[in-house]
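Asker: Each chain is listed here by its residues.
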Amino acid sequence: MVVLPDVGRSLDALDEAELVRRTAAGDRRAFDELYRRTSPWLAVRLRRRCADDDVVADVMQETYLAVWRAAGSFAGAATSGSAVGWLWTIAANRLVDAFRRRARQPQVSAVPPAETVVPAAEDEVLAGRIGQDLERALLALPPEMREVLRAMALDGLSARETAVLLGVPENTVRSRARRARIALREALS
Amino acid sequence: MRMVRAADTAPTAYPWIVQADGLRVKAGTHLAVDGLDLALGTGVHALLGPNGAGKTTLMRALATVVKPVGGTLTVLGAPVHGRAELRRVRRALGYLPQHFGFYPRFTVREFVEYVAWLKEMPKPEVPAAVQRAIDRVGLAAKADARMKTLSGGMLRRAGIAQAIVNDPELLLLDEPTVGLDPEQRLDFRELLRDLGVDSCVLVSTHLVEDVVAACTDVVLLNEGRLVHSGTTASLIAEGGSSDAGDSPAERGYSALLRRHRAEAGR
Amino acid sequence: MTMHPSSAAIAQYAAGGRGLDEAAVWSVEIHLEECADCRARLAGRAAGDTLALLDRVAAGLDREIAAGPAPVRRARRWSGPRRRWLVVALAPWATMTVAVLLCASVLNRLLPGLPSLVLLLAPVAPLPAVAAAWSRRLDPAGELISSTPVAGLTMLLRRTLGVLAVIVPVLALIGAGTGTSLALMLLPCLAFTAGTLAVGALVGVPRAAAGLGALWALAVVAPTLITEDLPVVLRPGSAAVWALATAVLAGAVVRRAADFRRLTSHS
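Residue numbers (this note's numbering), protein chains in the order written: chain A, 1 to 189; chain B, 1 to 266; chain C, 1 to 267.
Derived by calculation from the structure, the hints in this document are not laboratory data. One or more hints might be untrue.
Residues of chain B placed beyond 10 angstroms of chain C at every Cβ, according to the derived structure [said to hold, decoys possible]: (1) A39; (2) A78; (3) P79; (4) P122; (5) G153; (6) D187; (7) R189; (8) L191; (9) E223; (10) G230; (11) R258; (12) E263; (13) G265.
Looking from chain A toward chain C, a few residues come up when the C-beta cut is under 10 angstroms (computed) [unchecked claim]: (14) E16; (15) D32; (16) Y35.
For each label pair, taking beta carbons as the anchor points, the in silico distance ranges come out as [as the list claims (entries may be wrong)]: (17) G251/C - G22/B: 35 to 43 angstroms; (18) D15/A - G77/B: 43 to 51 angstroms; (19) S82/A - G152/B: 37 to 45 angstroms; (20) A219/C - R146/B: 43 to 51 angstroms.
Keep in mind that this is a model prediction, so the values were computed, not measured. Ideal Cβ positions, reconstructed from N, Cα and C, are used throughout, including at glycine.
Just chain A, same shape as in the assembly (with noise of 0.2 angstroms):
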């Protein structure tokens, strides 16, 4: 059963959590919006962790079918925390699941982090970065770390879905992550 807004209102006010009730309620002009706002951020985000566009555009699809189809039990869970952080996780769950399907063919690869590029000193006016010393740290941990972190503690996944996004075997994501954490308390203390 299709609820219609009153056709005039504007949806600008509205946020995320608020279009996803809307979309519950099968409102396609309220969903619209949300791919809207949302999808040039997870596609962006998307790009940096897989570098075929197709399996990108699969996975977006269907994140955003997901929504859609699912809307009317979807309601409850988005209202707890972001609604933006929910959409984050059907993405990095179909992403996963994406990678399973290719876990045979070697083509489809994770993008590796960016190299270390030391800013210049214009750059270094960038506000807003995660505490310095975090950084810092995190910069001295060698690539294949940084990968595991990204995708344990930035994307939500856990070691065993991390394992399948990165091609290695769960028990080196473990170590990894383990490795990382020492690391990290180390360099911050």
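With chain A's structure known, arrange chains B and C on it following the hints.
Answerer: Showing chains B and C alone in chain A's frame:
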């Protein structure tokens, strides 16, 4: 930033996802599994054997539905043969019984949600996990149809969806391809291969061709005992041109059975 | 919330992160998950190939949404818990029990000479439904349920409470109608339920229910119908004994909670 759980950084404490030593399990009064040694890791494993070989009983023991009467059985590092703490193991299990019982008036989504609750999944994760399971088995179009309206193949798929809703580390499928037409069976093999990437899948089946196409190795049972355990290539290698069967795998299968029966008869 | 990244940082991130080191990228990503304004800024700086990707996905979404069913409203937030407590499979059993009790009460009114049939039946009234609640054969999904972590005492108790929630009010109403002591009507019922569960931990609940039901029928109901005299166990003074029995048996059930985790090989 999200929390990294301590459990996720600890090394896995167990070498095998399923480990059995001298396992004995009864089905009613009959000893259906008699002294079985087994070690299974990640991948898709086929459980083959004639009727009455003890396949279903073994599955039920692994699913912690029946208690073994002898030997040891360790699932996901936890012993399940004694008075064991089964909750942790059951949270990481997925089971599709041979006779898949369901509630006809439930919709697919409602049933998978119910099973997600039964498996003690955290509540905020349930709707997304249910949709993911439904999408993975290809039932997205029928997610809100009542289960009594589904055809046999779709019902099986719904059964698989409920088994994978919690992304289990051990997935037990007892005769999952019964009632599937050839095209559905192909889709199912694809799904099996995906599932086997990072979990241990045990598929019990009569159809040797399903085995060869999708499974990494084979466990052959007869009369409750282990006849052969190894890769599908090793199964094929056991067969010769004089053995019964229409395919190399079937010939290997019948050769192994013949030899096992001959030895047992001695 | 972390502070907003500069326009340069946003532009570099949108272009794939070239020129930003890993820590800066992390900062940006953490911030973007929280800040709608910066997400909008990112959208404004999106590269051409990203926009092409977005169009492609949007077109795919239009197709799929048009082809598929509309989202189903799940307005009933209580339908989940309702399904867990009042399992549909038990409805016929509960209905049958209530019907039998009502018939017994009608019979009592028609034949006032008989001892209270409802009082005689009350203790064993919930047993058929409780047996059904934990019988693998009677619950279509029973096999599946026994492999889940919830299977065990909690689930059995939930279902038993659901059954009692239906039967106890009926008993109370009938009791109020005939003037029998409420305690005498309800306490034996609770004691027998607890007893079924306690014995069921050893031999399986359906067998325990059948056994206790048969025991009650032979030892109490049959003699009472023959002698037409209220049995000792149901005389008004025995309420305290029943209460004690209920407490003891309930304690026994809790102590054997682990046995319910798995149906043993003989059930």
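Asker: Which numbered hints are broken by the structure, listed smallest first?
Answerer: none
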